[in-house]
Amino acid sequence: MAIGSIVGKGVARVDARGKVTGQTKYAGDMRLPNMHHGKLVFSPHPRARVLAIDCSAAVAMAGVKRVITARDLTGSGRYGYDVAHRPVLVAEGEETRYIGDVVAMVVAVSEELASRAAQAVVVRYEVLPPLTSPRQAMAEGAYLVHADAPGNRCCKREFSHGDVVAGFARSEVVVEHTYKTPRQEQAFLETESGVAYQDEAGVVHVLSSLQDPYGVAEDIHLALAIPKSRIHIKGTPVGGGFGGKLNTTIQVHLAAMACLAGVPVMLVLDREESFIFHAKRHPTEIRLKLGAKRDGTILAMEGEVISDAGPYSGRSPEVVGLTMSALLGPYRIANVATRAQGIYTNNLDSGAFRGFGAPQAAIAREGLLDKLARELGLEPLELRRRNFLQPDSRPASPMLGDSPVSLEALAEKIIARMGPKPEPAVGSSKRIGRSICFDMPVFDVGAIPTLGKSGVGATVEVHSDGGVSVYAGGTELGQGITTVLAQFAADQFGLPMEAIRVEMSDNWTCPRAGRTSASRLTFGLGNALLLAIEAVRQTLLTRAATTLGIAREELRFVAGQVQSCSAPERAIAFAELAQLCWDKGDNLREEGWFRAAEDRYMYGHTFMAAGADVAVDLATGEIEVLKLANVLDMGKVLNPVMAYGQIYGGAVQALGYALMENMVTKDGLAKTPSFAEYAIPTAVDIPFEFVAEGIETPYPTGPFGAKGIGEAALNCTTPTLLNAIADAIGVELDAIPVAQEHILAAIHQQKRI
Amino acid sequence: MIPFDYLKPATLEDLLEGLRSANGEGALLAGGTDLHVKMRLGLKSPRLLFDISELAAARNIVEAEGSLRIGACVTMSELMASPLVARLAPSLAEAARSMSCRQIRNRATLGGNIVTASPAADSVPALLAADARALIVGPGGLRELALAELLLGPGRTALGPGEVLLEVLLPLPEAGHRSLYFKVGRRRAQAISVISLAGGLSLAADGRIGSARIALGAVAPTVMRARQAERFLEGELPSAVNLAAAAALAGEECSPITDVRASGAGRRLLVEAWTHRLLQQLCATSGDDAGGNRP
Ligand SMILES: Cc1cc2nc3c(=O)[nH]c(=O)nc-3n(C[C@H](O)[C@H](O)[C@H](O)COP(=O)(O)OP(=O)(O)OC[C@H]3O[C@@H](n4cnc5c(N)ncnc54)[C@H](O)[C@@H]3O)c2cc1C
Numbered sequence: 001m002a003i004g005s006i007v008g009k010g011v012a013r014v015d016a017r018g019k020v021t022g023q024t025k026y027a028g029d030m031r032l033p034n035m036h037h038g039k040l041v042f043s044p045h046p047r048a049r050v051l052a053i054d055c056s057a058a059v060a061m062a063g064v065k066r067v068i069t070a071r072d073l074t075g076s077g078r079y080g081y082d083v084a085h086r087p088v089l090v091a092e093g094e095e096t097r098y099i100g101d102v103v104a105m106v107v108a109v110s111e112e113l114a115s116r117a118a119q120a121v122v123v124r125y126e127v128l129p130p131l132t133s134p135r136q137a138m139a140e141g142a143y144l145v146h147a148d149a150p151g152n153r154c155c156k157r158e159f160s161h162g163d164v165v166a167g168f169a170r171s172e173v174v175v176e177h178t179y180k181t182p183r184q185e186q187a188f189l190e191t192e193s194g195v196a197y198q199d200e201a202g203v204v205h206v207l208s209s210l211q212d213p214y215g216v217a218e219d220i221h222l223a224l225a226i227p228k229s230r231i232h233i234k235g236t237p238v239g240g241g242f243g244g245k246l247n248t249t250i251q252v253h254l255a256a257m258a259c260l261a262g263v264p265v266m267l268v269l270d271r272e273e274s275f276i277f278h279a280k281r282h283p284t285e286i287r288l289k290l291g292a293k294r295d296g297t298i299l300a301m302e303g304e305v306i307s308d309a310g311p312y313s314g315r316s317p318e319v320v321g322l323t324m325s326a327l328l329g330p331y332r333i334a335n336v337a338t339r340a341q342g343i344y345t346n347n348l349d350s351g352a353f354r355g356f357g358a359p360q361a362a363i364a365r366e367g368l369l370d371k372l373a374r375e376l377g378l379e380p381l382e383l384r385r386r387n388f389l390q391p392d393s394r395p396a397s398p399m400l401g402d403s404p405v406s407l408e409a410l411a412e413k414i415i416a417r418m419g420p421k422p423e424p425a426v427g428s429s430k431r432i433g434r435s436i437c438f439d440m441p442v443f444d445v446g447a448i449p450t451l452g453k454s455g456v457g458a459t460v461e462v463h464s465d466g467g468v469s470v471y472a473g474g475t476e477l478g479q480g481i482t483t484v485l486a487q488f489a490a491d492q493f494g495l496p497m498e499a500i501r502v503e504m505s506d507n508w509t510c511p512r513a514g515r516t517s518a519s520r521l522t523f524g525l526g527n528a529l530l531l532a533i534e535a536v537r538q539t540l541l542t543r544a545a546t547t548l549g550i551a552r553e554e555l556r557f558v559a560g561q562v563q564s565c566s567a568p569e570r571a572i573a574f575a576e577l578a579q580l581c582w583d584k585g586d587n588l589r590e591e592g593w594f595r596a597a598e599d600r601y602m603y604g605h606t607f608m609a610a611g612a613d614v615a616v617d618l619a620t621g622e623i624e625v626l627k628l629a630n631v632l633d634m635g636k637v638l639n640p641v642m643a644y645g646q647i648y649g650g651a652v653q654a655l656g657y658a659l660m661e662n663m664v665t666k667d668g669l670a671k672t673p674s675f676a677e678y679a680i681p682t683a684v685d686i687p688f689e690f691v692a693e694g695i696e697t698p699y700p701t702g703p704f705g706a707k708g709i710g711e712a713a714l715n716c717t718t719p720t721l722l723n724a725i726a727d728a729i730g731v732e733l734d735a736i737p738v739a740q741e742h743i744l745a746a747i748h749q750q751k752r753i
Numbered sequence: 001m002i003p004f005d006y007l008k009p010a011t012l013e014d015l016l017e018g019l020r021s022a023n024g025e026g027a028l029l030a031g032g033t034d035l036h037v038k039m040r041l042g043l044k045s046p047r048l049l050f051d052i053s054e055l056a057a058a059r060n061i062v063e064a065e066g067s068l069r070i071g072a073c074v075t076m077s078e079l080m081a082s083p084l085v086a087r088l089a090p091s092l093a094e095a096a097r098s099m100s101c102r103q104i105r106n107r108a109t110l111g112g113n114i115v116t117a118s119p120a121a122d123s124v125p126a127l128l129a130a131d132a133r134a135l136i137v138g139p140g141g142l143r144e145l146a147l148a149e150l151l152l153g154p155g156r157t158a159l160g161p162g163e164v165l166l167e168v169l170l171p172l173p174e175a176g177h178r179s180l181y182f183k184v185g186r187r188r189a190q191a192i193s194v195i196s197l198a199g200g201l202s203l204a205a206d207g208r209i210g211s212a213r214i215a216l217g218a219v220a221p222t223v224m225r226a227r228q229a230e231r232f233l234e235g236e237l238p239s240a241v242n243l244a245a246a247a248a249l250a251g252e253e254c255s256p257i258t259d260v261r262a263s264g265a266g267r268r269l270l271v272e273a274w275t276h277r278l279l280q281q282l283c284a285t286s287g288d289d290a291g292g293n294r295p
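Chains A and B are the protein sequences, given in the same order. So the first sequence is residues 1 to 753, counted in this note's numbering. So the second sequence is residues 1 to 295, counted in this note's numbering.
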């Protein structure tokens, strides 16, 4: 496939103008005739039995259209990915499982009135003691968050390879440590929001900020017993998702309110509601053990992951599974025994977040590798290089893949980009530490072991005026997929970007494309679109060949024309050709359907290296990130501006994870309920020198050789920062976030020993 | 949020009269950056708001009668831009600069910061370290109070019903006096203080420490003075040992709590470390850097 003039160029995002000028309409900007406003009544208690719900005062308020409790729902009243056990509304007699559980909903003429009516709903609870840690929930005799989950176990994954006992027996050096990671909030700007209405044909239309219109339709069908043919989900422009909108958020509630109240309803969560409602990055405790020979050859790994799954299953089995798989990293380890469990608690919910469980694993693995290097007296970088996966070796991992291994090239590149390590000023109490870490972030290529195969469809239509529409059911989350697809179409048809319009995230107008996660769209949707485009191109070529009297093989799409390769002046304008096809009754609308081949691989891998120089003031604990570099093997950089944007963005989230972010709960209650308490990096926290680079080892099955890169930069960037800090202060660190007080405490601790 | 009425009295007299007739149901609105947050959370629900953000009587910065007098309705941005403040109370300018972001600093007032009475209020350590006094006007006329006596506890002040903080008075610093302000936050901007501290020091002709003033924020129910550390230093030589010992005393005499921003024990370590840094910089003979350091 020849690469034309647009693929690989940093062309402007197709959605840039609308967003920059404020013309883009987010869900919360929508206004429908007779639109009412919804408000959810949340349980203030992480665990309590709902004794009675008294809606009379709320119902009596003028302007209140409807007050809804579990009793009013038709259908199962339950939804949820993986296990459909989440109640839309907790019924009288049932127990709440966390403070994001909803007990009632109000529909009123204004937002303010809905709010006041929600406050007027009186719920009597029998408050019960919550489970607030996985350890507590795993203890003998602990109450069960779900009666059908003994030991409160949400999920368990195990992997073994080789003979781990023999591996450790042969090891000359063994290191072991336990690492703890906190709950991280996606902190998207746009809270959960949407509007819904039911039309005269009984169709429920939900226009909402989401990551998976098909999953949402499934949940609405499950919970409310609405036939699938009567559910229309339209994704609105998303003001950030990062996994937090991957599960159905408020859409079932919206649909129920619209149907039961019989009016269009808007629901926009406020920040505090949003923070308690959606699933976040799993807090984990990871015990990891490595055994190696004196020369640094790693012989064995043993790992045990315990993740706080929160109250509902959702993405936990997949995420926790990936934490376990990612423990191995991009290294050859012959003998492995790893295990991971997700445990139900009454804390905030856990689920998908950019990196999908792998960042936690990287913290433990890369931290322990540094410890091993110290024990061996080896340079940390040298230890890693000695154990790199080799180009011909397959990872001894449940994440088998077929991406060409490019770790040595990445190592060379990151070493070059880091340059000489800076020295602190003479007499300064600052010390500078450096770390370089590696990872092999995954992206979904269509065949995930636990999920089965996922087919992806995309449609392209050439209009009679030569304009092009693309219908692709993935969701634009800001990652740039709309622009990438437009680049593909422009490239293949030889048209300017302006000629392409891309319609996305709509379960009615777009072929099924599945969820927007696992960095999967460029690969899956891109491949599907290329198939669709190729079909239309063939029709156009046939018509052009007949008209021009030139063999099809002799023709090419370029500069708004179909022209002869050898005699470019013999050509027909693209628009003219489209009109001709229209007149002759040719079909110029095709659907492409992409599925991974049956017996191939499971994941693609975006190999990466991260490097950091961090200055730490030993006197005050002050941390200054002097330099942070990420280098990814992207296969093919389709649009450098957007690709590097993804890397910078992911690295900033990784930096927040390392240095400040922690969604704290106490007794199941949120202690960081808003952005006043939950700190994420601001522009001035960006490292002084901030580097994003790519290398390109073409991925054979990727569109134009490209890989998925959306999540990658988060993976080993956090441990790189952590290890650099540890290097500077000469003390091991095993928990994040690391702030000044922790540095001081670590130094004090060490002085005492 | 409960509905409320809004008034903008043109003069101090109108304001006092308005407050009198509101019978305790009114609230003062300066920049609104604390009040609005509390109203939205339902923590305060005044029936009547008196906007004082442009009240002329509380908008000046002047040097008069041996004091730097700063109107309560002066904003943080204005403090940062004032040459008088830069010259006479550089640590206060630095405290203002350390606060939040430009948008908030353009609205947030000195008076609002004080009367909110947060232990983490960023301007207060700089004011306490300068022995600031509060000029208050109310039904009973004018009265003056040491700032330390105005602040009673988290969210509590000695202001009576209908009383308005009009001005803050900072005694002019002695010649050779130096002051500094430091803030530790979880990030470099837009951060509520984990700890904050301000200090002033003057060295006598014999090289000994004449007076030392150290104020600590976010480590006690109100911003506090580290009196033990101050007393320890007075009359002593600014030796490395003495500075370290004084810093250790400051770490001991505060009473920090554990919250989501830091642990109590961690705050003590930070107080000691940063008090030490503060004293070192105040005593440094060269590199006359009065500007603070923003961790
Ligand atoms: C996003 C954000 C970030 C913030 N960051 C910081 C920070 O970094 N550091 C910090 O210290 N604070 C911070 N704050 C808190 C706040 O901005 C400051 O305390 C500010 O100085 C308050 O001043 P104001 O004029 O806005 O007060 P207002 O909200 O108008 O008033 C606060 C209270 O004081 C009373 N009051 C105001 N003026 C007077 C007066 N003259 N006499 C008597 N009573 C009066 C009011 O009635 C009210 O009860 C932040 C706030 C927000 C919203």
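Keep in mind the hints are simulated off the structure, nothing from the lab. Quick caveat: nothing in here was measured; it's all calculated off a predicted structure. Any given hint might turn out to be false.
As the list claims (entries may be wrong) - Derived DSSO-like pairs: lysine-lysine, alpha-carbon spacing no greater than 27 Å straight-line: (1) B:K8 with A:K666; (2) A:K371 with A:K289; (3) A:K180 with A:K228; (4) A:K666 with A:K9; (5) A:K666 with A:K156; (6) A:K19 with A:K9; (7) A:K413 with A:K671; (8) A:K636 with A:K180; (9) B:K38 with A:K228; (10) B:K44 with B:K8; (11) B:K8 with A:K671; (12) B:K8 with A:K180.
Unchecked claim - Over the 10 Å line for every Cβ pair with chain B, so calculated as not near, a few chain A residues: (13) Y26; (14) P391; (15) K430; (16) G621; (17) K671; (18) A745.
Cβ atoms here follow ideal geometry from the backbone N, Cα and C, with glycine treated the same way.
Quiz item: Between A:K413 and A:K671, is the straight-line Cα distance small enough, at 27 Å or below?
Solution: Distance ~42 Å between A:K413 and A:K671 Cα, so the pair is violated.
Exercise. Compare the distance between the alpha carbons of A:K636 and A:K180 with 27 Å, and conclude whether the hinted pair is satisfied.
Key: 35 Å, violated
Self-check item: Least C-beta distance from A:Y26 to chain B larger than 10 Å
Solution: Check passes; 22 Å lies beyond 10 Å.
Quiz item: Taken at face value, is the distance from the CA of A:K671 to the CA of B:K8 at most 27 Å?
Solution: It is violated: about 37 Å lies between the C-alpha atoms, which goes past 27 Å.
Quiz item: B:K8 and A:K666: Cα distance at most 27 Å?
Solution: 43 Å, violated
Quiz prompt | Restraint check for A:K666 with A:K9, where alpha carbons must lie at most 27 Å apart | solution = 49 Å, violated
Practice problem: Against chain B, does A:G621 hold up as non-interface, every C-beta pair farther apart than 10 Å? | Solution: Since the minimum Cβ distance to chain B is about 6 Å, A:G621 lies within 10 Å and the statement is violated.
Quiz prompt | Given hint A:K228 paired with A:K180 - CA-CA distance at most 27 Å | solution = Violated, because 43 Å separates the two Cα atoms, which is more than 27 Å.
Self-check item: Straight-line alpha-carbon gap A:K371 to A:K289, limit 27 Å
Solution: 11 Å, holds
Quiz item: Regarding the assertion that A:K671 does not contact chain B, is the least Cβ-Cβ distance greater than 10 Å?
Solution: Contrary to the label, A:K671 does not stay out of reach of chain B, its closest Cβ about 5 Å off (not over 10 Å).
Exercise. Quickly compare the C-alpha distance for B:K44 and B:K8 to 27 Å and report which way the hint goes.
Key: Cα-Cα ~19 Å, so holds.
Quiz item: Within a Cα-Cα threshold of 27 Å, do A:K666 and A:K156 meet the stated pairing?
Solution: Satisfied, since the Cα-Cα distance of roughly 26 Å is no more than 27 Å.
Going through the hint list in order, the structure does not satisfy hints 1, 3, 4, 7, 8, 9, 11, 12, 16, 17, 18.
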